[in-house]
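Q: As you go down the protein sequences, you meet chains A and B in turn. Residue numbers for the first sequence, in our numbering: 1 to 429. Residue numbers for the second sequence, in our numbering: 1 to 429.
Check before you lean on any hint, since a few could be wrong.
Residues from chain B that face chain A, not an exhaustive set, calculated with beta carbons under 7 Å [said to hold, decoys possible]:
1) F10
2) D46
3) L53
4) K74
5) I244
6) S248
7) A251
8) E254
9) L311
10) K316
11) T382
12) P386
13) F390
No lab work stands behind these hints, which were simulated from the structure alone. Here a beta-carbon is modelled for each residue, glycine too, at the ideal position from N, C-alpha and C.
2 protein chains.
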Amino acid sequence: MERLPGFRDFYPEPVPHPDLWSADARQFIFDRWRATARRYGFREYDGPPLEPLDLFTLKSGDEIVGQLYNFIDKGDRAVALRPEMTPTLARMAAAHQRNYKKPIKWFAIPQLFRYERQQKGRLREHFQFNADIIGEASPAAEAELLALLIDSLRSCGLRAEDFVIRLSSRNAWQQFLADHPPQSIAGSFSPPPGVPAHSSSDTQSAIAGSFYQFIDKLERNSAEENERAAGALGFKLEEINQFIAQGSPTADLELIVNNLRARGLGEFVKIDYHVIRGLAYYTGVVFEAFDKKGEFRAIAGGGRYDNLIALISGGKVELPALGFGMGDVVLLELLKARGLLPKFDAPIEFFYAIEDEALREDSLRRVQHWRDQGRAVEYPLTPAKPDKQFKRAQELNARFIFKLERGEDGKLMEKRKDLTTRQEEVMAV
Amino acid sequence: MERLPGFRDFYPEPVPHPDLWSADARQFIFDRWRATARRYGFREYDGPPLEPLDLFTLKSGDEIVGQLYNFIDKGDRAVALRPEMTPTLARMAAAHQRNYKKPIKWFAIPQLFRYERQQKGRLREHFQFNADIIGEASPAAEAELLALLIDSLRSCGLRAEDFVIRLSSRNAWQQFLADHPPQSIAGSFSPPPGVPAHSSSDTQSAIAGSFYQFIDKLERNSAEENERAAGALGFKLEEINQFIAQGSPTADLELIVNNLRARGLGEFVKIDYHVIRGLAYYTGVVFEAFDKKGEFRAIAGGGRYDNLIALISGGKVELPALGFGMGDVVLLELLKARGLLPKFDAPIEFFYAIEDEALREDSLRRVQHWRDQGRAVEYPLTPAKPDKQFKRAQELNARFIFKLERGEDGKLMEKRKDLTTRQEEVMAV
């Protein structure tokens, strides 16, 4: 009986096989995400991993269905395993935002699912640290969110030489489009093969949609491909490249960078208009975090999405919002590659040896005593030879070995040996 | 857009509506489960929430399909959201048990899913603390597992007056069946209506299966119903009631109770042969934890299942095993009813007020300083009046309010006010 392809088993360390994942390493990054979010005043939320299919098609269009784990449940509902958290967050925030002071600062660590047919060996689930700020239009919110993103990575041991956040803004590209209106091709706009038109009926927005997808692929495609695609969209590649090379910050981006500099975090960001984000729903600043050596896919990505909550709530609630997602897979790969994952031992502090079975019940009493004191204690469940017990204590990386002995006066003594210093202490119990 | 019926949204406290669930309370019990498991030397694991359907039918028979979220995925695989963790654990342990020293002590906190058509308002998902010991046949393992169960509940604040674990054993009932062979009814065994025969072709085991289901319902049904059902199975209700009332412990149960007494945990268990557990796969000791007032469903349940790993591994691996599951729903209801859930405030320690916008950048620097020191710090993202900032600090339950001021000598001073004692301190920064 095998697990499904694209899904992961998480084992305690040491993980028996390179194809398996470490439950300890996963918990290590979850703990750091959670602790950092709390230092920033973000509160935890969660929603169902299974949602109505409509929640996702409403946001992303029907095309997304091909990538979903979707099915009809026994109550005839069209449902899907969540491929991302933002629609659920928008649903939850829209329903009860009145009860929370703005700005709402929330985080979650959901497991997300995508059925991707083509890529062999590609994962079909991952965990994602999601942090969002809702109800604040000022770019001060972007700065706060980016500081959280930076510190989440720093809390895992990553430094400025390891990663950088590339900051961009759709507003900058909107300005570019206004300054460089596309040349009409054969009188009407039609996207080139492989660049699907945005589903909006608004031509302006359709141009922007196709243009954003073109920019998104700019670094991956060859110069010739880019030249051709730019021309097909009615733009000059040279002007686009010039605009990116110049990288003049918008007013928002300038404010964000200055804010981060004031915190001493300026070195973690740079303006880079290559970044545009594939998703249609971003409305302003967008960003992606990358490892500086360029060995991995994006570590995290996000941006502002001021229209989504209105869309999900059917226009009932309008709130500006922004957020990011950071997956566990790339982060764990990066931490491993940089030697930043600690050695995960069993959490045992005390090994309570039982060499005299007549003292088993007294030993159990003392095991309970130390566990009640908050100590992680292991002991032999069944009779075992002293050397085997000692070996087990070492395997478990216990700091101390305990054992009971009865003195000549009939009184019990508890012996404690420090396995690091080899020092022994004796206490009457 | 609504969430699916039977699924829960978890909101930060204070939760806006009694129908919604608290993400903070959930994290509170997760933290306590995890910390207690570690004190007992249990290691964390996890598997996929989606598994091949066969994994569950192999263990529980085809009848379980009616209660599953199952579907055909885009690769034509029959899959199901996990309704319980034990099959996944058995699959994972069987695959790599050679790499782990016995006994294996593992825990997980999975979300589990069941599609139950009939019950309105009944949840279709819950989280469950699962702890298992694999590779130890001695009842010393039961005692260790039960001690963990007791301490998991104690760590949430529950006491001996709040809950008790009812201990039983299928071996005791096997002995009863041997001592009281069922009277043949019309020459052959056939289960009464509503008591389906166990799927095994072995008559002995079929009798045991139907008998266990009868015992399982004994407390819920009326005396007349029980009389009738006992007769239909070929037993005398009086003998069954007598056997339960007598409650003579098996050798295993005696050892377990003595072991727990040695730890000072004897008051948390009692032998009660009413408990038999519905699931077919238990092989020895079984147990359930209940609130003493009898207001709630079982808090936790488990037992020994020595044959399951062989079943799941197709006979490749044979290992004795036992475990328990404790759901979040009943536990949260019980803790709430007993007033044991703490007040969950925002985690803020410091509120950094910014009254002079000229000092915003310096204030951001100090916010970062304190967050770097591990403090949870909040501040106004945008300019706000001092009284509004003070009110916000109080809402967030901040312990200290900070602010920067520039002295007459032009130097910056950081003022810190303790909101509990009203004491103020000033530091040059």
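Q: Looking back at the numbered hints, which does the structure fail to meet, lowest number first?
A: 3, 5, 6, 7, 8, 9, 10, 12 and 13
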